[in-house]
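Colleague: As given, the protein sequences belong to chains A and B, one line each in that order.
With the first letter of the first sequence counted as 1, position 172 gets the number 172 in the numbering used here; the numbers rise by one all the way through.
Going from the second sequence to the numbering used here is simple: count from 1 and add 1000.
Don't take every hint at face value.
[As the list claims (entries may be wrong)] Among the chain B residues that face chain A by a calculated CB cut under 8 Å, a handful are:
id, residue
1, A1022
2, M1076
3, L1142
No lab work stands behind these hints, which were simulated from the structure alone.
These numbers were taken from a predicted model, which means no experiment stands behind them.
Even for Gly, the Cβ is constructed at its ideal location relative to N, Cα and C.
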Amino acid sequence: MLSFDFTISGSLAAAFLTSAMLPFCLFVIVRLPLVVGRNALQFLISVIVIVLAWAGALLFIPATRPHDASEIIVGAMAIGTAVLFFLEIWALLSRGYTLGLLITMHRSGRALSAPELARSYRCGEGLDWIMRHRLAGLQSAGLVFQSGDAIVLTPWRGRAVAWACRMAVRLLALEATG
Amino acid sequence: MTGDTMQASVALGAAGFVFYVAAVAVTLRLRRTASAAFVAITVALFAYVAALVVAIDLNRAVNFWTTSIIFWFVTMIFLMAFGALYKSVSLRILVDLLARPGQAELCSAILQRYIVTESFENRLALILENKWAIPTSAGYALTERGEGLARLIAALQRMFAIQRSG
Chain A
1 MLSFDFTISG
11 SLAAAFLTSA
21 MLPFCLFVIV
31 RLPLVVGRNA
41 LQFLISVIVI
51 VLAWAGALLF
61 IPATRPHDAS
71 EIIVGAMAIG
81 TAVLFFLEIW
91 ALLSRGYTLG
101 LLITMHRSGR
111 ALSAPELARS
121 YRCGEGLDWI
131 MRHRLAGLQS
141 AGLVFQSGDA
151 IVLTPWRGRA
161 VAWACRMAVR
171 LLALEATG
Chain B
1001 MTGDTMQASV
1011 ALGAAGFVFY
1021 VAAVAVTLRL
1031 RRTASAAFVA
1041 ITVALFAYVA
1051 ALVVAIDLNR
1061 AVNFWTTSII
1071 FWFVTMIFLM
1081 AFGALYKSVS
1091 LRILVDLLAR
1101 PGQAELCSAI
1111 LQRYIVTESF
1121 ENRLALILEN
1131 KWAIPTSAGY
1141 ALTERGEGLA
1151 RLIAALQRMF
1161 AIQRSG
């Protein structure tokens, strides 16, 4: 027996519509002079804008007014799903290592040897840039610290996160390829 | 939507996710050649369809949208974490530091091992495996397929004013 109910509430329809606006919102926000080149901030501002747009719709458009708290929660989860989906794409476009290599080869317009590819990576910043960027991120998150020429895991947070990651990798039988 | 329909939808979406995590863990252990990312995405689609099929057989009303959102919200969170565990250079460095004496290693050794050797070579191997580039006597050259993908990525980066990636 078909037991599906396809009824969609006004608040959920509003969540879908505002979620669909995220790429357009991002398209406009990346052009604001204050946030040029700051990819994470651009995405965060876009998410805040669509969440505010959704909240505004719930407050001021009678047809989208939720009947109970569960409608708000489901609507928020719909927006969350869309945000995570676009974040995956955004992260690939702005931080993707493999795609970065492809773009480097494309921009060079000729065949590149492995050392040339490594040197030309990220408009000539080279592979050292990845090291500096990733370590800076780990340091600012309080997961590692620098001691002379060595990188050390922080005693609590760093070890706890590394341990949790190692367990998850083992559980999923993932050989981390980094 | 009645409270009963909401409860059934939430339970079904959550059960679909639990089934997904179990299925992906088993499939990853059994897989031979398929990439982990391909397995994670394919199994997610399969688990979603399975949850919908179960809903059709249920003797209770289930809301399609609520079930789908519950399932995909938690599945997207899982996929984000999965992607980080599978490919993140930062997490790889953390996990490997844990196994080192004193949980410390020289910067130069980390750079050489993960960035220059393993990660770079893995990425290059992936590019060759997907036939986006081929080795030639002059070095690695993009194939037509690779050129097409690179053009698409470059166009998207231009559209979203992403100047540099990596």
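Colleague: Now tell me if each hint is right for this structure.
Modeller: The hints, checked one at a time:
no.: 1; hint: A1022; result: violated, 11 Å
no.: 2; hint: M1076; result: holds, 4 Å
no.: 3; hint: L1142; result: holds, 5 Å
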